[in-house]
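S.K.: So you can see what is in the structure, the chains are spelled out below.
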Amino acid sequence: MSSSAGPNANPIILAARKYAWRYVGNVAFWIQRFTGLALVAYLIVHVHTIHDLRDPETFDAALAMFGKPLFKLAEIGLLATVILHALNGIRLTMIDLGVGLTRQRQAFWYFAIGLGAVLFLAGAIPMFIYGILRHS
Amino acid sequence: MTGRAINWYLQRITGAALLVLLVMHFWVEHFSAEARTPTGLTFEIIQRRFFNNHWFVAVDLSFLFIALYHGLNGVRNILLDYTWGVRMKKPITAMLLLLGVFVAYWGVTAFIGNPHLQQISTTITANR
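If you're matching them up, the sequences are chains A and B in order.
Residues 0 to 135 in numbering that gives the first Met the number 0 are what the first sequence spells out, letter by letter.
Residues 0 to 127 in numbering that gives the first Met the number 0 are what the second sequence spells out, letter by letter.
Since the hints were derived computationally from the structure, they do not count as laboratory data.
This structure is a prediction, so every number in the text was calculated from the model and none was measured.
All residues carry an ideal CB built from backbone N, CA and C; glycine is no exception.
Warning: the hint list may mix true and false statements.
Just some of the chain A residues that point at chain B, by a computed CB distance under 8 Å [unchecked claim]:
#, residue
1, Asn-9
2, Ile-12
3, Arg-32
4, Leu-36
5, Pro-55
6, Asp-59
7, Gly-88
8, Asp-95
9, Val-98
10, Leu-100
11, Arg-102
Keeping only pairs whose Cα atoms sit at most 25 Å apart, straight-line, the calculated SDA-like set for lysine to any residue is [what the hints assert, rightly or not]:
#, chain 1, residue 1, chain 2, residue 2
12, A, Lys-17, B, Leu-18
13, B, Lys-88, A, Thr-34
14, A, Lys-67, B, Lys-88
15, A, Lys-71, B, Ala-32
16, B, Lys-88, A, Ile-11
17, A, Lys-67, B, His-29
18, B, Lys-89, A, Ile-124
19, B, Lys-89, A, Lys-67
20, B, Lys-89, A, Ala-40
21, A, Lys-71, B, Gln-46
22, A, Lys-71, B, Pro-114
23, B, Lys-88, A, Leu-69
24, A, Lys-17, B, Glu-33
25, B, Lys-88, A, Phe-28
26, A, Lys-71, B, Thr-41
27, B, Lys-88, A, Lys-71
28, B, Lys-89, A, Leu-100
29, A, Lys-17, B, His-29
30, A, Lys-67, B, Leu-9
31, A, Lys-71, B, Lys-89
32, B, Lys-89, A, Phe-33
33, A, Lys-71, B, Arg-11
34, B, Lys-88, A, Trp-29
35, B, Lys-88, A, Arg-32
36, A, Lys-71, B, Phe-30
Next up, chain B with everything else stripped away, as it sits in the complex (with noise of 0.2 Å):
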């Protein structure tokens, strides 16, 4: 298989995942229980949440890359249909790629080596 007929797969097999993930997202983050709160998700509800079952990072993770992957991949696509877009094919590539990984940065770090969300993961495990 070529290189671009893997591309053109992986955007079909990641859009199919997306599907599967969004509605999870949807109903995780708007009509699970806890979220339907007058007040809405707020920092507290995500906190105890997070640190209560860790699938939730591993599946909004997952979500965020699969995500942008198929988001940049899709701009990338629209671009290399046009000339100047294949003739400018290495820096859409690198820039969009760049991009992704800082916006992955982004969503990692917001859970990963956070400093209000370590905390109280540490006082449930004392209080256990």
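Here chain A stands alone, though its shape is the one from the complex (with noise of 0.2 Å):
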């Protein structure tokens, strides 16, 4: 990225610049963490829920909770969790087998960022119009 600021310019402007480019390998990283840790978190409580199978009226009601909409937009935000895992996911591993090298932080703001809008949209739109505006 060329930096045509001169010395006046904004410094909220340089940082955040900095962050998009020269550190989004060290952002991405922290993605990665938070993510994951969230993932984990989720997976857990996940089984416990379908562990309910053992005793249907539980397991019902749980399911009869989470249909609710604000379950539903933690639900969405579980999507937005899970792609931006498993898209950095990707870059990391091309990163490893020395694919791409030269275009890691373009793979971030494309691939896992870019793409994962893509995906994220495809899946929200219709979980938001469906398990939030039509929700009976």
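Assembly of the complex is requested from the two constituent chains, each provided in isolation within its own frame, with the hints serving as guidance.
M.R.: Spelled out as structure tokens, the structure:
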């Protein structure tokens, strides 16, 4: 990224630019950690719900609760978390294999964030319409 | 190959496997015709599905084991990035292993040896 900003440029814009390109690997690193930890926490809670299959009434009560708009909204958040972790994980594996090493910054923005946003909207819009707007 | 290298490879391999399994999981639970009902997924749908096709149990349980390994190994990798984590390596590994076995047990016993699912499975066989 060329930095054409002079010495009097806004420090916030300068910092944003640095983190967006020069330090993007570090941003991606922390995103991978936080999303990973969140997904482990979700996995444990999720398996706890599945264990309720031993008691059908409790299970259906739990599923009815998770059908409520607030939980649907959380589920949309889960989708975003999964997509970020998965796409950035693919990017990490590519770096490990030495594929596109010089383009890893672009891979974060265009692949993990760009393609991620497309996939997210493709899932989130129907989830929002059917899970929240048309919730009965 | 050293243990650490195997650990590193396994995190990538399980990650790739999870990608495939997760897409299958999402499809089955959210987009398949039987899940797209006004009430969404219910015990009855799961009961019917699982006992007409044992592949669901097999795929879901492999998904569970692989996700648990990938997730808890990821937590271990994070903790071992810290000096105190390296010092506590053995108790950390033991605790995460214990947690993994515990959650895996929850998941397995939801399907295997579940009296409510068994009842239906014997009725289906009896009706054939």
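S.K.: State for each hint whether it applies.
M.R.: Right, here's what the structure says about each hint:
{"no.": "1", "hint": "Asn-9", "verdict": "violated, 34 Å"}
{"no.": "2", "hint": "Ile-12", "verdict": "violated, 32 Å"}
{"no.": "3", "hint": "Arg-32", "verdict": "holds, 6 Å"}
{"no.": "4", "hint": "Leu-36", "verdict": "holds, 7 Å"}
{"no.": "5", "hint": "Pro-55", "verdict": "holds, 4 Å"}
{"no.": "6", "hint": "Asp-59", "verdict": "holds, 5 Å"}
{"no.": "7", "hint": "Gly-88", "verdict": "holds, 5 Å"}
{"no.": "8", "hint": "Asp-95", "verdict": "holds, 7 Å"}
{"no.": "9", "hint": "Val-98", "verdict": "violated, 13 Å"}
{"no.": "10", "hint": "Leu-100", "verdict": "violated, 16 Å"}
{"no.": "11", "hint": "Arg-102", "verdict": "violated, 19 Å"}
{"no.": "12", "hint": "A/Lys-17 / B/Leu-18", "verdict": "violated, 31 Å"}
{"no.": "13", "hint": "B/Lys-88 / A/Thr-34", "verdict": "holds, 23 Å"}
{"no.": "14", "hint": "A/Lys-67 / B/Lys-88", "verdict": "violated, 42 Å"}
{"no.": "15", "hint": "A/Lys-71 / B/Ala-32", "verdict": "holds, 19 Å"}
{"no.": "16", "hint": "B/Lys-88 / A/Ile-11", "verdict": "violated, 40 Å"}
{"no.": "17", "hint": "A/Lys-67 / B/His-29", "verdict": "holds, 15 Å"}
{"no.": "18", "hint": "B/Lys-89 / A/Ile-124", "verdict": "violated, 45 Å"}
{"no.": "19", "hint": "B/Lys-89 / A/Lys-67", "verdict": "violated, 42 Å"}
{"no.": "20", "hint": "B/Lys-89 / A/Ala-40", "verdict": "holds, 22 Å"}
{"no.": "21", "hint": "A/Lys-71 / B/Gln-46", "verdict": "holds, 23 Å"}
{"no.": "22", "hint": "A/Lys-71 / B/Pro-114", "verdict": "violated, 31 Å"}
{"no.": "23", "hint": "B/Lys-88 / A/Leu-69", "verdict": "violated, 39 Å"}
{"no.": "24", "hint": "A/Lys-17 / B/Glu-33", "verdict": "violated, 49 Å"}
{"no.": "25", "hint": "B/Lys-88 / A/Phe-28", "verdict": "holds, 22 Å"}
{"no.": "26", "hint": "A/Lys-71 / B/Thr-41", "verdict": "holds, 16 Å"}
{"no.": "27", "hint": "B/Lys-88 / A/Lys-71", "verdict": "violated, 38 Å"}
{"no.": "28", "hint": "B/Lys-89 / A/Leu-100", "verdict": "violated, 35 Å"}
{"no.": "29", "hint": "A/Lys-17 / B/His-29", "verdict": "violated, 40 Å"}
{"no.": "30", "hint": "A/Lys-67 / B/Leu-9", "verdict": "violated, 38 Å"}
{"no.": "31", "hint": "A/Lys-71 / B/Lys-89", "verdict": "violated, 39 Å"}
{"no.": "32", "hint": "B/Lys-89 / A/Phe-33", "verdict": "holds, 24 Å"}
{"no.": "33", "hint": "A/Lys-71 / B/Arg-11", "verdict": "violated, 30 Å"}
{"no.": "34", "hint": "B/Lys-88 / A/Trp-29", "verdict": "holds, 22 Å"}
{"no.": "35", "hint": "B/Lys-88 / A/Arg-32", "verdict": "holds, 19 Å"}
{"no.": "36", "hint": "A/Lys-71 / B/Phe-30", "verdict": "holds, 15 Å"}
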